[in-house]
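Protein chains in written order, with the working numbering: chain E, 3 to 209; chain B, 3 to 209; chain W, 3 to 209.
Because the hints were derived from the structure by calculation, they are not lab data.
Quick caveat, the model's predicted, so the values are computed rather than measured.
Keep in mind that a hint or two might mislead.
[Stated by the list, open to error] Computed beta-carbon distance windows for the label pairs:
| hint | chain 1 | residue 1 | chain 2 | residue 2 | range |
| --- | --- | --- | --- | --- | --- |
| 1 | B | P17 | W | G163 | 50 to 56 Å |
| 2 | W | A103 | E | L20 | 32 to 38 Å |
| 3 | E | F39 | W | E184 | 44 to 50 Å |
| 4 | W | G86 | B | E184 | 26 to 32 Å |
| 5 | E | V192 | W | D150 | 37 to 43 Å |
| 6 | W | A103 | B | L82 | 51 to 57 Å |
| 7 | E | L94 | W | E184 | 41 to 47 Å |
Glycine residues also receive a C-beta, built at the ideal position from the N, C-alpha and C atoms.
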Amino acid sequence: NCVLDGDVTPLFVIPLWLDLTAVAIGAVQGAMFAARFRENRLDLLGVAIIGLVIGLGGGLARDILINQVPAALSTNWYLLTATGAAFVGMLLLRVFTRMNAIIITLDALTIGMFAAIGCAKAVAAGLPEVPAVFVGVISAVGGSVVRDMMLNLPIALMHVGSLYAVAAGAGTIFMLAAMHLEVPIVWAAVGCVLITTMVRLLSVRFG
Amino acid sequence: NCVLDGDVTPLFVIPLWLDLTAVAIGAVQGAMFAARFRENRLDLLGVAIIGLVIGLGGGLARDILINQVPAALSTNWYLLTATGAAFVGMLLLRVFTRMNAIIITLDALTIGMFAAIGCAKAVAAGLPEVPAVFVGVISAVGGSVVRDMMLNLPIALMHVGSLYAVAAGAGTIFMLAAMHLEVPIVWAAVGCVLITTMVRLLSVRFG
Amino acid sequence: NCVLDGDVTPLFVIPLWLDLTAVAIGAVQGAMFAARFRENRLDLLGVAIIGLVIGLGGGLARDILINQVPAALSTNWYLLTATGAAFVGMLLLRVFTRMNAIIITLDALTIGMFAAIGCAKAVAAGLPEVPAVFVGVISAVGGSVVRDMMLNLPIALMHVGSLYAVAAGAGTIFMLAAMHLEVPIVWAAVGCVLITTMVRLLSVRFG
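One chain only, chain E, in its complex shape (with noise of 0.2 Å):
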């Protein structure tokens, strides 16, 4: 209950393993990307903070918006990934240099991995098509749109150049259609982060 019944309603469940990797992918490139901004008066609290904005935030803005009791919430374990996963991104970023290339290709493959994520979840709560695009995109990039805010930096996602929501975008958008052909999820989802990620990564080297 507290959700839509849709017409189509395939019952399927995110693993927990799988959910936890996107939540340590994302935490581990959230605090990479804000350790660079140390000097920008932004001490280790602020950068585990980011690093579980960019690991969580999708999650809890989708789980919210679909009305049900946040993932991040039903058990210890998304909390202390996340944690965990900060303070490793952290560490990465001392011993090694020239983390640019990681950082850039761990954020293309969240925002995969988030929207495959949210699509699906969002398509197991019954929501028609479009919103299901919306969800995903939303767990994509709602993240990285409360990160820009709280570091007071433009907001990647307004400008075409990013392709972060256009990425997302099409990388639901293939998720649907192949379920509508009953490719299986596994596959579609597969194929979803895929193209979402490469589509973010050609951004990035030609934009």
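Since the structure of chain E is provided, determine the placement of chains B and W on it from the hints.
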């Protein structure tokens, strides 16, 4: 279920065409508002996103507050309407010049319609009077707060002179009073729209 | 329903007078904080809105996260109390000078009370320990994050030195530990308020 049981629970439903009209006017106006900031490093996607924020933001905030699945996610129409209207808003600004008066009028009309719809939904969900006014005001101005924060503008709501909150508050208080006096909800809502729109327009002219 | 079924579901209710007291202290303090920015183009309405944000923001975030209709919308008292308290805060600042110490103390007390109430509600809703701490911290600091974003200030939460999050985290962890040791919830909550308030005050004095 998932909704408060208040003393007064008049059962009525906002017609879809009316809700979509408010969304469309909001999205047109939001896109026109944002398009004037083009020099401000805001591209087409940014303009469309601000259109979506103004068209859908207040309603999303309203439905999240009253703990329901957002209307905008329950059918494809809301997102399609808002996206289409945002593009219309962009085109209008290119075709015509001196649109300032139209933008201000549409803005005032948006606030009035969202205030009336938000207040009606809050009452239908069983909320008491003061929270119903609050939800009406948030529906009316929530989108503009997010818009101003995303565009890094001073938040118009925060200044008495703008009369945003005052206009929406006066309109919703009138609507609730009229409903208590057994005035049919349609006329109460029309009064709310008229009062809110006029107060806001007067503030622009004389403030 | 609409709530997680956890292992431990102690059923208890926050008394209304206690919740309203926390709201009132928060709104007084929020208005006093904002009123000092008057020169900063913030007028009376803006001051009142910041009072509302501090008095009600954390609780709204808490209830949205645990997927319940916000307490602040279930009776008229919350909004009336917060609005009245915000005006009291404005008056106090005009009557007295050198209120800085009082604002800081009320701020610390607000954080402590919101952390305890937020944690208690999260446990009552069946959330596990780590999410309960998270909801307690968000209840405590959520209002101040929105305040800082609306006033375009650097976000105090983001800096270790402010100890906002650390104070609220320490208090809620103590509270959960005490509850696991069968300490009555009232005393656990009192301990949470004391610890949070003292950690925050020490950070101001020595940080």
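Cross-check of the supplied hints:
One distance hint, 50 to 56 Å for the beta-carbon pair P17/B and G163/W, holds here, with the actual separation near 54 Å. One distance hint, 32 to 38 Å for the beta-carbon pair A103/W and L20/E, is violated here, with the actual separation near 51 Å. Take F39/E and E184/W: their Cβ atoms lie about 45 Å apart, and the range 44 to 50 Å holds. Restraint check, G86/W to E184/B: a C-beta distance of roughly 30 Å satisfies the suggested window 26 to 32 Å.
At about 41 Å, the beta-carbon gap between V192/E and D150/W stays in the expected band of 37 to 43 Å. Under the hint 51 to 57 Å, the C-beta atoms of A103/W and L82/B, about 56 Å apart, fit the expected range. For the pair L94/E and E184/W, the supplied restraint of 41 to 47 Å holds, since their beta-carbon distance comes to about 43 Å.
Consistency with the previously given hints fails for number 2 only.
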